[in-house]
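J.: Given these sequences and hints, build the entire structure.
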Amino acid sequence: MDTQLLMTTAMLAGKLMLLSGAETYRVEDTIHHILGTAENLEYAEVLVIMTGISATLKIKDEPAISLIKRVNSIGTNLSRIVSVNDISRRYCGGEISLEDAYTELDSLQKKVYRRSQYSLAVVGICVGFSLLFGGSICEIIASFAVGAFLAICIAAGKLLKFHAFLLDIFAAIGVAFATIIMKFIFGRHMSMDVVMISCIMPLVPGVAITNAVRDTLQGDYLSGAARLLEAFLKAAGIALGIGIGLALFSGFILNGGAMS
Amino acid sequence: MIIKFIAGVIGAFIAIYSFAVYIEVPKNYLLRAGLVGGIGGFTYLLSMEFQLGDVGASFLSALVAAIVAHIFARLFKAPVTLFLIPGILPTVPGAGMYRTVYYVITGNETLAGYYLIQTLEIAGGIALAIFVVDSLFRALQKGDWKQNSLTYIKGKSDTPKQ
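Note that the protein sequences, when read in sequence, are chains A and B.
Each residue of the first sequence is one higher than the one before, starting from 2 at the first, in my numbering.
Each residue of the second sequence is one higher than the one before, starting from 310 at the first, in my numbering.
Treat the hints loosely; a few may be bogus.
[To be verified] Restricting the straight-line Cα-Cα distance to at most 30 Å, the calculated cross-link-like pairs of lysine-lysine (BS3-like) are:
| # | chain 1 | residue 1 | chain 2 | residue 2 |
| --- | --- | --- | --- | --- |
| 1 | A | LYS16 | B | LYS313 |
| 2 | B | LYS313 | A | LYS112 |
| 3 | A | LYS111 | B | LYS313 |
[Claimed, not checked] Covered stretches of chain A (chain B as the covering partner; in silico rule of three or more C-beta atoms under 8 Å from a C-beta of chain B):
| # | segment |
| --- | --- |
| 4 | 103–114 |
| 5 | 211–217 |
Hint data in this document are derived by calculation from the structure and do not stem from the laboratory.
The structure displayed is predicted, hence computed values, not measured ones.
Virtual Cβ for every residue (Gly too), placed ideally from N, Cα, C.
T.: As structure tokens, this is what we get:
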């Protein structure tokens, strides 16, 4: 068995999962399973933290191999986690060879959905939440419009390669701006609260909170704390954006700063 | 009232289905993720109807969503994350975050503090719900209910030696 290739494959699988927002214990588990298939294995150690992977593989009568991989820019792409999970399971179950597993991992597609579907999803989240929060026709129409504007903001921010924190602030300012415009159009029939709350939902750190809890629970305190920080930073970014947006535009558009 | 209830559940379904697209859940799991969200939203609205308060309703709805997510993960042989993240989303305290900032901007410190505490309580409630359900299913982790193993692949169930 090609030990180098085994190690590279395991690292690639781990990197892909970590990049896609998998919990660290799941990444460790997957790498462990892949390394565990080596013949004459003496030991395999894996350490995954949120920003990197290191692994050591020791085969009998051979020097130990260690690899470290730095991983930055963590996003969320659950379908890639599922694909890597599936490939690693099939490989560990002996259904595909190591070479095939590597090729499949290497050629995993980046995105499942087109940009238009992605933008439509943003609008869907806004409209759906405004229904859940008890919005009337007025608020649903408004959140549709604000959601569309938010989708444009997110797309523009991604195009300009904004840093994640900056993107949150930028998108939240967009939400505040569009909501105030809608309030100006609909007047007192529209509750600004419902629209604004529904439309920041695409930005809230649901993924970070969930992963923080699950990582901490597994004993990965470092990753748990890091994700908690990520969640706080995201929340602060949204809050800051909404604050800036309200302070900037409400005075101008809704004369006299009458916000309710 | 009943119309508002139905609208809320449909809204939760639409929202979570869209959110599942947003975080790129594979196509064949979208509907199931949306279903978990719908159930979470239903529990949330029902507990609000029974005067459980924001924190109680969030906790209960996260609890139910997490249980359903774990069951779905085992039924459909997919990572729990796939259903858990969309499932708890209806309860994530976006409203609390917004209100906190709003009252800071308008200069009402008392209400800002109140909503800040409430936001933290809700976040804590969600964390507790995930914790409880994860522990519960870890305790049940025997036989067919075991996750993170190779039992899915026929005839192979051993973990790697250390």
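J.: Would you mind marking each hint as holding or not holding in the structure?
T.: Verification of the supplied hints:
1. A:LYS16 x B:LYS313: violated, 45 Å
2. B:LYS313 x A:LYS112: Outside the cut-off at roughly 36 Å; violated.
3. A:LYS111 x B:LYS313: Answer violated: LYS111 (chain A) to LYS313 (chain B) is near 39 Å, above 30 Å.
4. 103–114: holds (count 3)
5. 211–217: Coverage by chain B holds for the segment 211–217 of chain A (5 residues, Cβ < 8 Å).
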